[in-house]
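From just these sequences and the hints, can you work out the full model?
Here's the letter readout for the chains.
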Amino acid sequence: MVLKYSAMKYSPVLVVQLILMVLFFIFVRYGDEKEAHVRGFEGTHVMIFVGFGFLMTFLKKYCYSALGFNWLLAALVIQWALLCQSFFTMKDNTIYITKKSLLEADIMSATVLITFGALLGVATGLQLLFIAIVETVIACLNLWLVTDVFKAADVGGSIAIHTFGAYFGLGVSMALRFRREDTTTPMNNGNPAPVVDLNGASYTSDVTAMIGSIFLWIYWPSFNSGLTNSDAEYQRAVINTYLSLAAATVTAFVMSSAVNKHPGRFDMVHIQNSTLAGGVAVGSVCNMHIGAGGAMAIGIGSGLLSVIGYRYLTPRLTKIGILDTCGVNNLHGMPGVFSGLLSVLFAGLASAQDYGTELSNVFEAVGPDGRSAGSQALYQFIALAVTIGLSLVGGFVTGLLSKMPVFGSLKDAERYDDQINWELP
Amino acid sequence: MVLKYSAMKYSPVLVVQLILMVLFFIFVRYGDEKEAHVRGFEGTHVMIFVGFGFLMTFLKKYCYSALGFNWLLAALVIQWALLCQSFFTMKDNTIYITKKSLLEADIMSATVLITFGALLGVATGLQLLFIAIVETVIACLNLWLVTDVFKAADVGGSIAIHTFGAYFGLGVSMALRFRREDTTTPMNNGNPAPVVDLNGASYTSDVTAMIGSIFLWIYWPSFNSGLTNSDAEYQRAVINTYLSLAAATVTAFVMSSAVNKHPGRFDMVHIQNSTLAGGVAVGSVCNMHIGAGGAMAIGIGSGLLSVIGYRYLTPRLTKIGILDTCGVNNLHGMPGVFSGLLSVLFAGLASAQDYGTELSNVFEAVGPDGRSAGSQALYQFIALAVTIGLSLVGGFVTGLLSKMPVFGSLKDAERYDDQINWELP
Amino acid sequence: MVLKYSAMKYSPVLVVQLILMVLFFIFVRYGDEKEAHVRGFEGTHVMIFVGFGFLMTFLKKYCYSALGFNWLLAALVIQWALLCQSFFTMKDNTIYITKKSLLEADIMSATVLITFGALLGVATGLQLLFIAIVETVIACLNLWLVTDVFKAADVGGSIAIHTFGAYFGLGVSMALRFRREDTTTPMNNGNPAPVVDLNGASYTSDVTAMIGSIFLWIYWPSFNSGLTNSDAEYQRAVINTYLSLAAATVTAFVMSSAVNKHPGRFDMVHIQNSTLAGGVAVGSVCNMHIGAGGAMAIGIGSGLLSVIGYRYLTPRLTKIGILDTCGVNNLHGMPGVFSGLLSVLFAGLASAQDYGTELSNVFEAVGPDGRSAGSQALYQFIALAVTIGLSLVGGFVTGLLSKMPVFGSLKDAERYDDQINWELP
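The listed protein sequences correspond, in order, to chains A, B and C. Mapping of the first sequence onto UniProt numbering: residues 1 to 425, in sequence order. Mapping of the second sequence onto UniProt numbering: residues 1 to 425, in sequence order. Mapping of the third sequence onto UniProt numbering: residues 1 to 425, in sequence order.
Bear in mind the hints are in silico, worked out from the structure with no lab data behind them. Since we're looking at a predicted model, the values are computed, not measured. Any given hint might turn out to be false.
Because identical chains cannot be distinguished in the list, a pair is counted as satisfied if it fits within a single copy or across any two copies.
Cross-link-like lysine to aspartate or glutamate pairs, in silico, DMTMM-like; alpha carbons within 25 angstroms at most [stated by the list, open to error]:
{"#": "1", "residue 1": "Lys61", "residue 2": "Asp197"}
{"#": "2", "residue 1": "Lys91", "residue 2": "Asp354"}
{"#": "3", "residue 1": "Lys34", "residue 2": "Asp231"}
{"#": "4", "residue 1": "Lys261", "residue 2": "Asp354"}
{"#": "5", "residue 1": "Lys34", "residue 2": "Glu358"}
{"#": "6", "residue 1": "Lys61", "residue 2": "Glu414"}
{"#": "7", "residue 1": "Lys411", "residue 2": "Asp231"}
{"#": "8", "residue 1": "Lys261", "residue 2": "Asp197"}
{"#": "9", "residue 1": "Lys34", "residue 2": "Glu364"}
{"#": "10", "residue 1": "Lys61", "residue 2": "Glu423"}
{"#": "11", "residue 1": "Lys261", "residue 2": "Asp32"}
{"#": "12", "residue 1": "Lys34", "residue 2": "Asp354"}
{"#": "13", "residue 1": "Lys151", "residue 2": "Asp354"}
{"#": "14", "residue 1": "Lys403", "residue 2": "Glu42"}
{"#": "15", "residue 1": "Lys91", "residue 2": "Asp231"}
{"#": "16", "residue 1": "Lys261", "residue 2": "Glu414"}
{"#": "17", "residue 1": "Lys261", "residue 2": "Asp417"}
{"#": "18", "residue 1": "Lys261", "residue 2": "Glu423"}
Set out below in structure tokens:
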């Protein structure tokens, strides 16, 4: 904690930045210009920096930190991910980057930002930066397992990005919970602290959070379809994501009004988040032949699941000390697992009759000389299981490491408060 | 009103969502991937969800409802419109949807959101949802008449979308006005109610409304040009819309300062809205050979018309009980009619000499074996007249139906207030 | 000052708008549809109207003016620039405009908005409009010198747009400073005025400013790459801008925390602005073979330079009376000069070996029958020097002219205050 208000506090981050620069000088070259035509980059870029950033401004006195750390973490992670995500596939010790690599780096940074959502307001800047750097490595390893080893279909990243990011975050949160006992020293001479609860929204902060939420919603079809290969696959991914999101939105509103403590009224937490669950739930299967009605069914299911999670599950997790400030388990975790299970189902149902020549676009390992549909379904399941395991364990261990004194820690009264990190007006 | 705070209040909406899903399972299939290259979808998507949503946050205590209902209505209408807009042209009982269909559904939802603008803060959620579902049917019928029956040119939808949406809204408003007499029962034991007037902006809400306004302005060229066929037509639509908007913006500022109660000062209502009138007024003719100077003249005219409308017409309509909270008559209604009349003029002036081989791109029924320019002008006029008639009558009847007790209604003191619909911080 | 609250105050602006319309009727025709495929227009459009507009809402009581004048100035300048930027290259007295022309007009308007940033809150509306109209002429002349006469490479406009806009603004500011002595007449009968300092942010205004900042950041790769010619050049520009911005962002955070008055805390001024310096600094060279590591080194350098400028240079300039409200010298000026100097370096290093057939795409005058690399480097330097000279002198003279009584002026107590220009809620 000696470093808390030191001018040198963030100097290790500059060292990391300089190391990244040197590594880029050594290993990175411009790649093939054919990939300059990749779709979905601009929209995904908006999601990462405006979408995630503003969605997390819902806390009334943590808006600067939400926007600032979102930006700082993503700016660091996109650089680091450009290296990590190519580590296993580089040739001649050279990484060739293209516009498509930038899209992939953006997508990878979403993983870290989802984890940040679970920890919003309860970790120091240095803790967040440390977690981000470690998580990127493990998430890139997991992505390589899912995509290149298991050859699982996961075009929208619901397994490798959303599920991973959410359970990594919960893993960290589990590790951090033990810390709470350190801070039971009573403040105010043992009297109950007159704590103003900053873990909540103001009227204005809920409105700015909607900027993030709606931009995420708008560009989700771009996100899910960005890495498709053919026009048909691309269009299916766009249509399915669009329909799933629309159905999830209607469902989230209805459910919010139904389960709210004051029935008949909507809760902004649900509206800002559960509306988006349709994008996650359809992610792994959006390029498959799930049908327009199927996409809507998935959206409806995810809207239900997500609102129920916010209403009944999150309070219970909080009670046992597993904090999840943004409720990423309800937006990314459970809908991500749902999407993974759907990918098992739709992989098992895939046939050359439905997909025609597109079969190997969607499932690269399936074909006359490759896997059967049933076998692909099994690999989908393995990919999901490995992701959950690796993210929970990785997150837990990373969380334990982030408790090293060098990274500092927040007292209860310092949580959800910009005061710690910012010069305020 | 018994349902006002019931957990089941919005359950009929979930039933509607489930019916939509079933209809999609039965009737909808993925369409031709050639339409995956449609232009303008992403921009239009931003306009619908961010543009309309945030523009309506100008009311100081209705921001949640503005954003929430905008989202809910649009999410429902885009699904419903995908069916309705294809009803007259489906083959073998199957609707093939493409990315272009999504763009058309987004455009159709604008109609409903314009109507919502007229009713902002004065209708219940269930009333709005009912109106949206009915309006979509009538608006799709009208669109089919305008486009397929009359074969009118209306590429930016100023007739079938803007004019229709605005006068449908005024029609509903006329029907709702009779309700006001129900609520004359004095509150507070007959003493004048200490009503805080919520029908106005705060400093912050005017700033968030500008998010919507500017995003609408930015992507209007995408909106107007989205459904063009050739590069030349597309580029003309973009240029004309860009210039008309720029000229309308300069004009709106000057006029706002001129007619304001405190001359020399700008009024945010004009700036947020009349700047956009240039996009509406050029909509029906933006792909025609109107000339760059012509586009600017249209913009100047619409800026004038719109500010004058806000300053002098809306207060008079309010006085006779026709509420129009956002002044959609000044932004969409009168500029839409203006655009329709311009389309009569420019259709009448169209010649193969100016348009060359593009003539049938812009006016599909005009040509050596088809209509004359004069005849096309007449059809443009018919399309406009039918749109105005159908929207006013349709809106009025729908408004009367929306007064059924099952949808609830708002007392005067409940207007413009998020309290009714939301859990507030 | 008699015109201050007159209904006719802005009527000359309408006259300007009408003259523009007439000029467009006479001189402007639709151009070749091949340029309908230009890249980067939509993103740049977002930067100009949302990016610049919201970035300048950081002042707590000048949000309406920031958004309003940004919009009004840009809407006027894009029309005027469409004429001015083609003045030297028009054929047969006709200007053919395309979607690419719109992009170029948007880019030119950035110049004026940068200048506006220097003057934010200290000039009247009429002063700003006058300055904008004059500046557009001089900036288009300078752009023609840089691009067509010196044939300097400046694809992202860091010389002709950023450097020019910043030093034009400082030139105006130098001219305006003499005015301060006019207002030393004490208010309040000689007692010190109980001035509330409006030259600062509120919690909310800092959050809305981040909307602008992040959108500028997101679309900067589109801005810098919009006018590239080939896919390879385009992709290089996108990658280099992306990496430079990421590195500048990390650096800006670290430096902000290091040099802040309260060390260890971030300052929103730095975060909102210095994060963007990476986009400016890489602008003139982003399509060159600078290498991914080189792009990051440039970003790191610009982040350092910009934060240091905000922390130590701006207060000194303010002390000697050169106001620069947004600190455009630190975001556009010094990083722009840095970029210009880098273009001297990389032009000097350019070889057919590195660039292959692309050499003439990037440096149009270099080649076997043209200039040598060293000669091109010299022209890059001349372009930079002429830009600095012309902008400072042009700005200073324009600033002197803007002090004519007809444009009005602001007293000290009227600065940074929407009250003067707006009907407030």
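Now the hints, each set against the structure:
1. Lys61 to Asp197: Cα proximity of Lys61 and Asp197: in one copy and across copies (10 angstroms, 23 angstroms).
2. Lys91 to Asp354: between (36 angstroms within a copy, 21 angstroms between copies)
3. Lys34 to Asp231: This pair counts as both: shortest intra-copy Cα distance 16 angstroms, inter-copy 8 angstroms.
4. Lys261 to Asp354: For Lys261 and Asp354, the Cα distance exceeds 25 angstroms both inside one copy (46 angstroms) and across copies (65 angstroms).
5. Lys34 to Glu358: This pair counts as both: shortest intra-copy Cα distance 21 angstroms, inter-copy 15 angstroms.
6. Lys61 to Glu414: within (11 angstroms within a copy, 30 angstroms between copies)
7. Lys411 to Asp231: neither (52 angstroms within a copy, 52 angstroms between copies)
8. Lys261 to Asp197: within (20 angstroms within a copy, 28 angstroms between copies)
9. Lys34 to Glu364: both (21 angstroms within a copy, 23 angstroms between copies)
10. Lys61 to Glu423: both (13 angstroms within a copy, 19 angstroms between copies)
11. Lys261 to Asp32: neither (56 angstroms within a copy, 47 angstroms between copies)
12. Lys34 to Asp354: Answer is between; shortest inter-copy Cα gap is 19 angstroms, intra-copy 30 angstroms.
13. Lys151 to Asp354: For Lys151 and Asp354, only the intra-copy Cα distance (20 angstroms) is at most 25 angstroms; the inter-copy one is 38 angstroms.
14. Lys403 to Glu42: Answer is neither; intra-copy 37 angstroms and inter-copy 43 angstroms both fail.
15. Lys91 to Asp231: between (29 angstroms within a copy, 23 angstroms between copies)
16. Lys261 to Glu414: Close across copies (21 angstroms), not inside one copy (29 angstroms); limit 25 angstroms.
17. Lys261 to Asp417: Result: close only across copies, 19 angstroms inter versus 27 angstroms intra.
18. Lys261 to Glu423: Classified as between: cross-chain Cα gap 9 angstroms, same-chain 37 angstroms, threshold 25 angstroms.
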